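Colleague: Work the whole structure out from these sequences, hints included.
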Amino acid sequence: MATLLYRLGRASLRRRRLVAVTWLVVLVGLGIAAATLKGPTASNFTMPGTESQRAIDLLADRFPAASGATGTIAVKAPQPGGLVTPEGQAVVKQVTQEAATLPGVVGAVDPYQVKALSQDGRYALIQVQFAGRADDVTDEQRAAYEKVGAQAEAKGWQIAPGGEVLNSEPEVGSTEALGVLVAAIVLVITFGSLVAAGMTMLNALIGVGVGMAGLFALSGAVELTSTAPILALMLGLAVGIDYSLFITSRHRQNLLDGLTPEEAVGRAVGTAGSAVVFAGATVVIALAGLAVVDIPFLTVMGLAAAGTVTVAVLVAITLAPALLGFAGRRVLPRRLRGREAVESDGTGSEDRSGFGFRWANWVTRLRIPVILVGLLGLGLLALPAQDMRLALPDAGTAPEGSAARVSNDLIKEGFGPGFTGRLAVVVTADSPQATQAAVPQVAALIQRTEGVLAVAPPQLDPTGRTALLGVIPKTGPTDAATETLVHDIRDNVGRIGNAEVLLTGVTAIGIDVSEKLSAALPVYLLLVVGLSILLLMLVFRSILVPVKAALGFLLTVAATFGITVAVFQQGHLAGLVGLDTPGPLISFLPILLIGILFGLAMDYEVFLVSRMREDFVHGDTARQATINGMGHGARVVTAAALIMISVFGGFVFLDDPVIKSMGFALAVGVAVDAFIVRMTIVPAVMSLLNNAAWWLPRWLDRILPNVDVEGEGLRAHLADREPAQV
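Position one of the sequence shown corresponds to residue 1 (the UniProt record's numbering), numbered consecutively onward.
Hints listed in this document are in silico derivations from the structure and should not be mistaken for laboratory results.
Do not rely on the hints blindly, as some may be mistaken.
As the list claims (entries may be wrong) - Below, a list of computed lysine-lysine pairs in the BS3-like style, where the Cα atoms sit at most 25 Å apart:
id : residue 1 : residue 2
1  : 516       : 93
2  : 93        : 115
3  : 115       : 474
4  : 115       : 155
As the list claims (entries may be wrong) - So the derived label-pair ranges between C-beta atoms look like this:
id : residue 1 : residue 2 : range
5  : 574       : 379       : 20 to 26 Å
6  : 221       : 330       : 42 to 48 Å
7  : 691       : 491       : 35 to 41 Å
8  : 115       : 530       : 37 to 43 Å
This structure is a prediction, so every number in the text was calculated from the model and none was measured.
Note that the Cβ used here is the ideal one computed from N, Cα and C, for glycine as well.
Modeller: Structure, rendered in structure tokens:
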């Protein structure tokens, strides 16, 4: 592979104009396709095979009028008892009628008819039924819904439209650009050259542009969740910058060693490019592996992110060499661009007095205390993870001041938390008589279930064969007691023999999604760990190194979960990340985090340990090889990690709590893995293992294919050639 990439790098530099034009044409073409073919993103989470999803599908087939999105308008009178006065009744009826005539609305329920009034006569709830799903509601319809009750508010009333209809796509704005700016500053400091930093950033941005344009071009044919493009953007930016950084760093070192630009870029792509391809492949495999969980929206998210990572790899090994050809020797600091500077300072970043070498010497000398302190520290950070709860987000965790949050808080204030997480029970049978006989039995069983506050009167479809009952729990939608209640109701009504009874609603869907994801998490973790051991065994021709890498990955995941739970669920230091209300973690965060951190952890593992193996194979002692690997790779890996942290951290400033938690968890995970696990614990363990780290049974060595990430085959290919001098 290294020899093939070596040739690709040289060819890309020689034909740099063609390569650059080709990528620009691809970018423009996909941009036009995205503008013309882009489809809407979905904010709902479907889960085929669950009871809640079967109920939704059944309603869409038999009771379509009740299968659309719902809205709840909370009304608060200026004073207690205001709703029972003639003036108050007129105001509420006017708001109800206004809501019923909105575009896209099937009807609005008069709260006086269904007794949706608080005991003090100050709060009322107006249920609004839309014709389509929440994703089908247009921005114009949503805006009109949010403006309901303007006349009543002018009279001192508080009108707060809310409900699932307000679910919208999170917006990406200027805040995350701060992360890109910090990444650019890190590049300038690392390279000491504006040209090298700018070229690396340009390379990454073109890759992100191509990946995102391609993703949106496909969105007309494939339904994307609203978070899928954000995840793809996060990863595309982070890995795009990092992969270009690795290749550019190796190219600069080759120039300082006296190679011509063409030979330097060829060897950079052949060596660092091999590691980029391997690292990118691990990320892609881990993300695409989400498909084995068999959860459609998670599969789409994983494939979308995998697509942008694939583009980032292709751009790094083709466009980066072309841009390096345009830059020439300007990728070097000004003082090192001349021939005399190269000859007098050809050691470049390999100066053994650098921090990387000093750190490696210290870590390997104090390896036992370093390992113990590292394990103890990560263990303490992981402790909160044992209390981790998963749920889909509800309006209670929306940003303060948002329409959804205002409505949610007003409903809790007037009626209690259960009214914000209503459940829906679908009763259906082959005949109207069977349905009508079953409904009272179902209602009675539910009403007797502990945790139920009230059961609303049934609504029947035109045929009379399907009934819909509203159930109001005593607790909120993400409360553990509500989860217990959902299971209790399903157990109780499952005994109705002459009708099918299904429990659904946004709250029930969230619980079903969370439980299925929780069940899939151990299986996926086992798959990822097994994959990491196999892949690293191919790369490093060792048994203990892959096992050590997998255990380090588990430490990273555990500590990241613990820190994220402490901040986002328990609320410690929540103000520092702009979190208004702590709550359960988003259901798919842990499984996504495992997939992404796996790829990134293997990225740093390869770049550090491959140099250790290279020096060990060429005669260094195991300890000296470890020091060399750290000394040569610490600067680049530190810069790469800081860039990743900056890009992911930029998304923490978004208001959307889901994106905020994803950005935070990824930034923390990269920091823990790069600085604590890979750059501290790994060299200490490698030093402790000594020669045993590189042991591999002969029979296994014979059957394992040689992927040559370190470029040994390339060095053999170049052995008889005289390196061209500048």
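Colleague: For every hint, state whether the structure bears it out.
Modeller: Evaluation of the provided hints:
{"no.": "1", "hint": "516 x 93", "result": "violated (43 Å)"}
{"no.": "2", "hint": "93 x 115", "result": "holds (13 Å)"}
{"no.": "3", "hint": "115 x 474", "result": "holds (18 Å)"}
{"no.": "4", "hint": "115 x 155", "result": "holds (24 Å)"}
{"no.": "5", "hint": "574 x 379: 20 to 26 Å", "result": "holds (23 Å)"}
{"no.": "6", "hint": "221 x 330: 42 to 48 Å", "result": "holds (43 Å)"}
{"no.": "7", "hint": "691 x 491: 35 to 41 Å", "result": "violated (60 Å)"}
{"no.": "8", "hint": "115 x 530: 37 to 43 Å", "result": "violated (58 Å)"}
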